[in-house]
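Letter by letter, the chains look like this.
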Amino acid sequence: MEKQLKLIIESLLFAADKPLRVRDIQECLADTGLPEIAEAMETLRHEYETMDRSFALKEVAEGYQIRTRPDYAPYVLRMTKRSAARLSAAAMETLAIIAYKQPVIRQEIEQFRGVDTGGILRTLLEKNLIRIMGRKHLPGRPLIYGTTRKFLEVFDLNSLESLPKLKEIKEFGIGEAQATQTHESKTPAASTVQEEAVKTKTGGKNSQF
Amino acid sequence: MDYNVKLEMFEGPLDLLLHLIHKNEVDIFDIPISSIADQYLDYLELMKSLEMSIAGDFLVMASTLIHIKSRMLLPGRNEGDEEEDPRLEIARPLLEYMQLKEVAQELSERKILGRDVFARGVGTSFDEYPDMVPKPDVTLFQLIDAFRRVVALGEGQRSLKVSLEKWSVKDKVESIIALLREKSDIFFEEIFAKNQDISELVVTFLALLELVHMGLIKVFQPSHQSRIRLSACFDESNPSVYRGEDGKTA
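Protein chains in written order, with this note's numbering: chain A, 745 to 953; chain B, 1023 to 1272.
Calculated directly from the structure, the hints in this document are not laboratory data.
In silico SDA-like links for lysine to any residue, alpha-carbon gap of 25 Å or less:
no., chain 1, residue 1, chain 2, residue 2
1, B, Lys1133, A, Ala760
2, A, Lys762, A, Ile876
3, B, Lys1133, A, Ala828
Same shape as in the complex, but just chain B:
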């Protein structure tokens, strides 16, 4: 069987019920419970077949509907009975929900600040968030971003080569220190200048992190938009600050 169903977006079980009541043009105080309950379950089936995830509340409502339906079928419910109409159990929350939906609509039609009307000064629209004050320190993520850019620059020569480890962190640490001995203040990108491929870039980056960790260099950004720079923190007069893994002075 072929049929097209345009499924409207339902927020919750009460929305679905309201939709069905509207669709069937029935009175909220005289809901034909049997038919509405059946349609409700059909929708749940449909939602399942569309692989929409059905929240537990939908099932709770389904069982409430079935329960009401069964109570309606019980004998002894005659006119003038003291017993309350079991349908009120859903009519009441539905009614309240309808009222709230209506005022929500009314509220959104008001002259809204930042949409329809504007006041002087800042911070008048509710779409504004307090500005994030940029931190002057370079974060790890900024470093990673800067590294990504360096990698992207060499993208032309991207290839996968498996080769023996040619570079060690220790070597790179030494070459960075050597660079910093020439100039005590260099740009972040400079330490990658002669790097050949991605693995060398990575090793160089690790060496940089290692040096920061040891407190031998300082990484900073003079202003938020400027390039990241490195400066030496080690004592020029005592060049043997870095001790490699083998304990020998570099």
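Looking at chain A on its own, in the form it has when it is part of the complex:
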């Protein structure tokens, strides 16, 4: 039965087009406890790891998903006849500002970048990497931006807490990478904000749309 469970879960993961949460998996199974599912999942992950497969079981956006290993990216891209997904450096920076400072308004983003971000925000919205969380009680009722579940999926993150930590920079001149690596990590402002908390905070604002 234990083996059976593992294979059932594998079939679900195989057929799914988005990361499956343990809850989603449990719904498809009768009378199976979460620990059993977690255990079966761990067995699967271990199997893929040790059996030298081209794919792995990854934890993204608080769910599980079977993903190909990076070594095979060139072949997959050739098969899908598309170029690799990419964002410009400016778009990446804007996305990072939103990810770490959310909920954030455009003016705050532009304070950092010092340039107009209208076009970039539109692109990020189109790609469904950011979303509008509501409007701020300020003159002009500016839109509030935050990242999406898709953002977590694309950047291989389990939750906002798994964002890379902001590093403390005490000095530089030799090169920022060197300087920052030698210093201790600092908890990013965003990681203190629970995703749930963000939701409840903006829940009221959404209704005023």
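Starting from the known structure of chain A, arrange chain B on it as the hints suggest.
Only chain B this time, still in chain A's reference frame:
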């Protein structure tokens, strides 16, 4: 004086400042404000001379730098003073910006879905957009495109002739109706078959639009890739549907 300057692309004033700090290999908490401010202004001048448009934020930063520089020059700033180092005004945002740039870099180095790793199913890459569902109706722009193709076919005989107006929309309306009486269903291109030059093509096209406007013909495209077709909507038994401008029946 001859000199070559390779101007790197700066996104904003903070990027320019960071570049200067890197270039001068100085500590972000001990910025030699006078020299950095001068270099910053030099860059602005250079950008101006290259006819790059300089955003207002660059000027705001320039004035901030000059302001800090002047505050640094004021007497009374001694060691152990309570007053905060005026340079912190730019060091703080710079530091925060550097941190964000760094994590942006880190994020872009992750195993990105649609670039490094792939999942099963559709819609997994962020480069995908929802497909546009083609509308079965012919739009004005499709009509214009089809007309362009017709014009392009006759490009060999392109010449500019100024002549008296030989064709009227009314005449062409009548000839299209005549065509449709022979066959109730024709291809878009057929109505241009005997046309001589561009002005005749244009008049014929206008006549077509006029007929659509009056609801006498239907323009349609059986499938997205097929040719545009016209069909008659007027009553065959009553041929006198079109009334010309003069009120007479056609």
